[in-house]
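Student: Here the structure of chain A is known, so what remains is to put chains B, C and D in place on it, guided by the hints.
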Amino acid sequence: MSESVVQTRGLTMRFGGVTAVDAVDFSLRRNELRCLIGPNGAGKSTFFKCITGMLKCTSGEVWINGHETTNWDPHQVARLGVGIKTQVPSVLDGFTVRENVWLAAHRVTAADGVASRVAEAMERLAVSSLADSMVGSLSHGERQRVELSMILASRPWLILLDEPAAGLTAAEIATLGHIVTDLSRDAAIVIVEHDMQFIRSIAGLVTVFAQGRILMEDQVDKVMADARVREVYLGRKN
Amino acid sequence: MDLAAIFAVEILYAIASLVVISSGLAVVFGMMRVINLAHGEFMMVGGYVTIVAVRSGINIYIAMLVVAPLVVGVLGVIVERLIIRRLYGRLVDTMLASWGLSLLLIGLASMIFGNTTTGISPPIPGFAIGRYQVNGYSFFIILAAIAILVAMFAVLAGTRAGLVARGAMQDAAMASALGYNPERVYMLTFFAGSALAGLAGGLFAPLLGLVPTIGGAYIAKAFITVISGGASVIAGLVSSAVLFGSTSQIFTLATTPMVGEIALLLIAVVLLRLMPQGITSRFFRGKM
Amino acid sequence: MFSRRTFLTGSAALAGAGILAAGAGQGFAAGPIKLGSILDTSGAFDAYGKPMDMALRLAVDEINAAGGLLGRQVEIVAYDTQSDMALYTQYGQQLARSDRVDVVHGGILSASREAIRQTLRKSGVPYFYNVLYEGGVCDRNITVVGVTPSQQVEVLIPAAIRKWGKKIYVLAADYNYGQITARWIEKFARDAGGEIVQTDFFPLDVADFGSTIAKIQSAAPDIVVPALVGGAHLSFFRQWAAAGMKSKIPMASTTIGIGNEHKVLTPEEGDGILVAYNYSPELASPTNEAFLAAWSAKYGNTDAIHEIAVSHYQGIQVWAEAVRKAGDVAHDALIGAVESGLSIDGPGGNVSIDPKTHHAVLDVHLMEMAGQKLKVIESFPQRQPSDTQGVCDLAANPDDNTQYEIKI
Amino acid sequence: MAKEMKHAFLVALVAAILLAIAPALIGTYTLTLLVIYGILALSLGLIWGFGGVLCFGQAAFFGLGAYAYAIAAINIGESTVPLVLGIATPFLFAAALGAMMFYGRLSDVYLGVITLVVTLLFFRFMNSSAGPQYVIGTARLGGFNGIPGFQTLNVPGTPSAYIIGDAYYYLTASALLIVYLLVRWLLASPFGRIAVAIRENELRVELLGYDARARKTLLFAVGGAIAGLAGTLYASWAEIVTPGLFSLGQSAEIIIWCIVGGLGTLVGPVIGAMLLAYLKFALGQQSVIDNTLVLGAILVLCVLLMPRGVVPTLGTVLNRIYRRPPARRDRPRPAGSQTAATPPERAHV
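Residue numbers (our numbering), protein chains in the order written: chain A, 1 to 238; chain B, 1001 to 1288; chain C, 2001 to 2408; chain D, 3001 to 3349.
Here chain A stands alone, though its shape is the one from the complex (with noise of 0.2 Å):
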């Protein structure tokens, strides 16, 4: 129980009489990389948007590092140290890559040193050449690079990713995998993803979700070879 950084008891969420997630129990431990998949419309997007405080859910706790976040708003869960990137970029495109990297480190980091930690975020991410640039001028992949590496600035021991994959080519997937490693050795990371290729990549233990539920945990070839998981997710997708 002490090394669960993200538990989740009971988590509920209902639109209207549509049960999106249904009394999920779950546990991420310290350091751990976690992969949610699941078909569409299986409930694990909700699910992190409870997690991340941007829904608020119908019934159950959400707690993250001993703290109860159940039905905290996204900047609370984010003041944890809790770096959140969404399904669709969400990057300030009327700004440059040096002003958003600039937004995440201000808060979470003394004057003085500003300046160096974003310099060192878009370093990590490869867009350094990119400082200047409007943020709505880049193409989608760095786009995605953008928020990551804001996320990055923000030093966050706990870092959750919707769909990180989605609309890149395979070339930035897989950079996005060493991306993803390189970071899991300082956060425990919770991938929410389609891309099963990618999820191969990174490997770590995946949590399958079926019609609101939990269908099964395990490792990454385990999953793969699972009927179940056949049925409800590969069958239907490939």
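Do not take every clue at face value.
Computed footprint of chain D on chain A; a stretch qualifies when at least three of its residues, placed anywhere within it, have a C-beta under 8 Å from a C-beta of chain D [what the hints assert, rightly or not]: (1) 61 to 75; (2) 86 to 99; (3) 103 to 115.
If you're looking for bench data, these hints aren't it; they were derived computationally from the structure.
By construction, the Cβ of each residue, glycine as well, lies at the ideal position given by its N, Cα and C atoms.
Tutor: Showing chains B, C and D alone in chain A's frame:
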């Protein structure tokens, strides 16, 4: 007992007048997500059209019920073609442009009619309920409100045109793929909304008198009623008109018209704070 | 017709709201005397203001045709305040500080008078307020040539009570005129043995009186007394008639007719309402006949004439008389003349100024609206402004600067 | 940051020179009003253009400042405390109103309606407060009459030393410059940058751990305080406060100034206010064409043809003439058009 009856008539009248004032705005907002801040001035134009028509010898009912809606409807089409069409999807810009239009119309009316109160006498005599007298025209407004609601419901639910309109509003691409021209649908909807504003202006001209700036008194009420009602055109209009009309009138009867108006505004603030998407977002989801 | 600002004499070629105009004024003895006018000639109160403006032109034309005052022509510098109270202070300051006029005539609503009274007092520009009002203003800089409650309400309300009964329902405009007049109505009603069952106040933009008419019926008074003001309030009389109330409860009003409402309403809507004013075009006197003829000659017909147009006309005559008597337009000399027992013969009869209050002593007539006319029933000659006389003595307290309000 | 402030000081210097020579062309009495309107426009320009909050009720803060000043001036006499109250009252009220709206997650149209309704509430209340029972200290609210005859601004500590005429003009002009510089400084500070970021993408800023609601509330309150300062200066200029200060027409004009002048700039709304207020004044001098009509036409044309406003458009044109690449950063959009511009039935026209 008779007293209760005339108070009931007054409350019904307050609700009905909100329906009449707001219906045009509700159609345009509900169907097109356009807030026409010149709505009050469209009513003002309707009022002047009625008075001018009556003074030039046209029967007052024809002037109110036919001439005013037609003239203002045509004005609406011109406005839609020239201004609104260019701003679809830009809610705030449409509000600002129509606000400019409202100032323009006020200025125009002041230049033509002078900044003076004019009026005509109501065409219906009062009658007695027991010992008490009631303004016959109040009943006329109540009937008109019912007729407007029935007509709106019939058109939207019961006719092909209404169905196409609702379809085009939900998904313009789909509608045009099916062979309907969304531009024409918008134009006709705006015509309908403007004609309703003209009708409302005509209906109130004999009761309240007219000045070029009278639209301001209408638009605030209509705006609050429609926005508080929320997305669904008829259910939203009726529910907020009932809520606002009855509370403000009860407060008015118990105290003064000012307290009534302040009560209306306070309720609107509380309501929007609790239900930021309007009444129908909570209770009538997905209905018309 | 649409002008925001009109210069009434052709010679007044001032450009740009007095921005460029400076210096001219008292210093140039040979130049014209500048009369500042500040009236709502558009907006909700234009029914009052336009005829007042016409009366002003007529009065000044007559003065100039007779050779002016002290050998100088009178020039009008006029502003239209568009029924916007905020514009009064603005234009009032402009008249006093940029245009440097010798006198200001104008202000219609009591709100507008109070907006400019202090500015003109500070600037030392004599101010003539020539409108029926609620009484009580005590200020040496102002001269009031209009009817006050003790002249009007004290005649009207007892007459109504004698005629119809004791229970009175008051509807008053919600600003200083209505608030104070309502209290005078209550006082004079009590003095005459009557009783106020209810008083309702209405902001000036209220136009829907349906609920009020229902409430009046539930209170079942013998008389309704509307002290309503402006274009929007006119709807009350239409709605009252439309509800069929005309034949049920009679009305006595302190304001209807002042803006020629009896000519805007139909006879069915207006007939039988009891009022009391200083003037009716029906008055038979040589002065009134001459006035009507002069008005007709200038404007074609006499339709626009109303109570406060005439009192404005009389106010200008009073001022002109004061100038003649003082032999000077300067502030102190003029006020001195005002306090010397001025008197003129106006269309509404003899008007003299009470030196202690700067208020007018004048005739008041009890009248009834009939066939869009004001029919005189009974006349009350030379009534004193006793409401103000009871609280104000400028001879004893020349520095007084208050509007006294009646306490009940 | 230093560069931005250098730019701001340059603008302020140019403005100071212009304001100093303006009395040669227009009387200071009129100029004072134009400057006060400039300050008022700046307040909405800040919260709308940089905070993304379209407030239909900026007139409420303007009127509240004016009334707070007038009421306090009647009770106190000396004008220093009333001046402070004229700024503090709308600041606190805007903070409360902002908290109510932003913590309720109201946005767009609904925010517009609430601010509009609150303005109407003030208007209605003030308009019906003529009775003797509406008194604050010794100050009667006066209803439709408003409150005349209060102490106008004086040299602090010397109630008899009124600041009037030219001196008052230079006082308001300095106030405008100081407010401009303070707002520029605020926007260059981290608080200002984050405020602009919230306008750009509120969710992202929240996900970085900033409390967007608290920050929006504070910015809104600062806007209210600036509008209150304008109201206070107005009260002292006009020597009367009336319910008309709370009218929808007043709110409308402030919005028009910002739209015409240019959102997302500070100079734009100020210029828009001064130009249009002068235009209105000049139109008021003639009788050929109604000035409401002209203002309406200007607003319609601006929305259709120049949605970014005069100043930014002029900037672009000048840039093109000098063949310099556009150097402006954070080109802002009117708040509503980015957040509210995605109705489900977005038309294909």
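Student: If you check each hint against the structure, which ones fail?
Tutor: Violated hints: none at all, because every hint is consistent with the structure.
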